[in-house]
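> Going down the list, the sequences are from chains A and B. Take any residue in the first sequence, note its place counting from 1, add 564, and you have its number in the numbering used here. Take any residue in the second sequence, note its place counting from 1, add 35, and you have its number in the numbering used here.
Don't read these hints as lab results, they were simulated from the structure. Beta carbons are placed, not taken as given, at the ideal position from N, Cα and C, and that holds for glycine. Hints may contain errors.
Label-pair restraints from in silico Cβ distances [to be verified]:
1) R632(A) with R286(B): 50 to 60 Å
2) S371(B) with Q609(A): 16 to 26 Å
3) D569(A) with E143(B): 49 to 59 Å
4) A343(B) with K567(A): 50 to 60 Å
Short, incomplete list of chain B residues facing chain A, as computed with Cβ under 10 Å [as the list claims (entries may be wrong)]:
5) L57
6) R61
7) N62
8) D64
9) E65
10) L88
11) D90
12) K110
13) G112
14) V117
15) A250
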Amino acid sequence: MKKLDVRGAKCPIPIVKAKKEVDAMTPGEVLEVHASDPGSVADFQGWAKMARNAILQSQRTEKDEAGREVFVHVIERRGP
Amino acid sequence: MIAVLSIRELLERADAAEDFLLLDVRNEDEFAAWRVEARAPIETLHVPYFDFLEDAEGSIARIPEGREVVVLCAKGGSSAMVAELLADAGRSARNVEGGMAAYGNHLEARRVPLAPGARHEIHQVLRRGKGCLSYLVRSGGEAVVVDPCRHVAFYEELARGLGARIVGALETHVHADHLSGGSRLAAGAGILGEIPIEIVPAPGHTPESRIYVVAGTHVLTGDTLFVSSVGRPDLGGEVVPWARELFRTLRERVARLPDDAVVLPAHWSTPAEIGPDGLVAARLGDLRRTVPELAIRDEAEFVRAMEASARPAPEAYARIVRVNRGLEEATEEQASEWELGRNECASAHGGRKS
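Could you build the full structure based on these sequences and the hints that come with them?
Laid out in structure tokens, this is it:
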């Protein structure tokens, strides 16, 4: 599974970077995005509804080494 | 660099009904929950910013040509990206700096006209994004602020500009919709020079609610009476007893005030309540004819009407109350998040067209 760390980045950077990664992936591949912006939860949901080549598999929150909240978005590349 | 527009400029242009197209690029939920409102309707097109990422050309084609486009998002980042895409495509586009976050924190002050020879001044402070009103009353070199928002620097600057110093902060009640700046502006109640500020207990919206009558002519009604409705008595989860209290406050206390008294409330629910002079104010005599709840003369009928308009409070209200009571503290980030959206303090749901 690919990982993308966009902690510290603000809207729209997490989506812009995730989309760039997804576009370069092959169908079936999965990308895990780690973001610190709480707004990214709704943003990834909205983007995935629109995206032609990706679906949002799941979302969860974690704590990083420093105890800060991290929003994890798991995205699967779809064809074509 | 892309051209920018401040929230202040956006609101000035929208209030003046100038011709532009507002392109809102937030996601569906955010757009559905909270919009920029002005005294004139704003022609708005909603295209989420991820549409531009997926299909820039197709999304740009959805925007009518030849229009000046003003792009808005939650914090100003995505709208900057979209404004740049539009500018690159040869369109006239400007980005609203700070987005809806800036809208939620934007304050404007306007002087309330008083009778000639008045020895004091009242300034109404409008928090446009939330529909919150606060007041600065100046007499000589002293000022008190009533129902201040947490943006205390704004009031300090306003007072300084008037050559006054803030000596006190008053609250009409413990607010549930926004965080108060009262404790940071001044401790304790203010006594203002030679200007009498009469305190009238007004339980109902909340048990501790009060009304301030300034110099006998202007009534700061808090959330007891608005210019198109009354304060909702269901926020504490005790709608029947609080509605009874509110009825008695309106029938016994507010009823005693003269028709000529000018009502200055703590909120508005729709921009239709902002007058042509930019103020939210009304003669009490006029409200006695136009506010339906004031016309109800039977307590049981009033309580039924309040029960019928009861609805769940926004989720953040319980936490805001705890902070305003001094039981908890909030960071700037939490404060901004909890305060998102327009206030939900009036009984009439979504306000009333006046």
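> It remains to establish, for every hint, whether it holds in the given structure.
Structure-based check of all given hints:
no. : hint                             : result
1   : R632(A) with R286(B): 50 to 60 Å : holds (54 Å)
2   : S371(B) with Q609(A): 16 to 26 Å : holds (21 Å)
3   : D569(A) with E143(B): 49 to 59 Å : violated (41 Å)
4   : A343(B) with K567(A): 50 to 60 Å : holds (53 Å)
5   : L57                              : violated (19 Å)
6   : R61                              : holds (9 Å)
7   : N62                              : holds (4 Å)
8   : D64                              : holds (6 Å)
9   : E65                              : holds (7 Å)
10  : L88                              : holds (5 Å)
11  : D90                              : holds (8 Å)
12  : K110                             : holds (6 Å)
13  : G112                             : holds (5 Å)
14  : V117                             : holds (9 Å)
15  : A250                             : violated (46 Å)
Against the hints set out earlier in the document, violations occur for numbers 3, 5 and 15.
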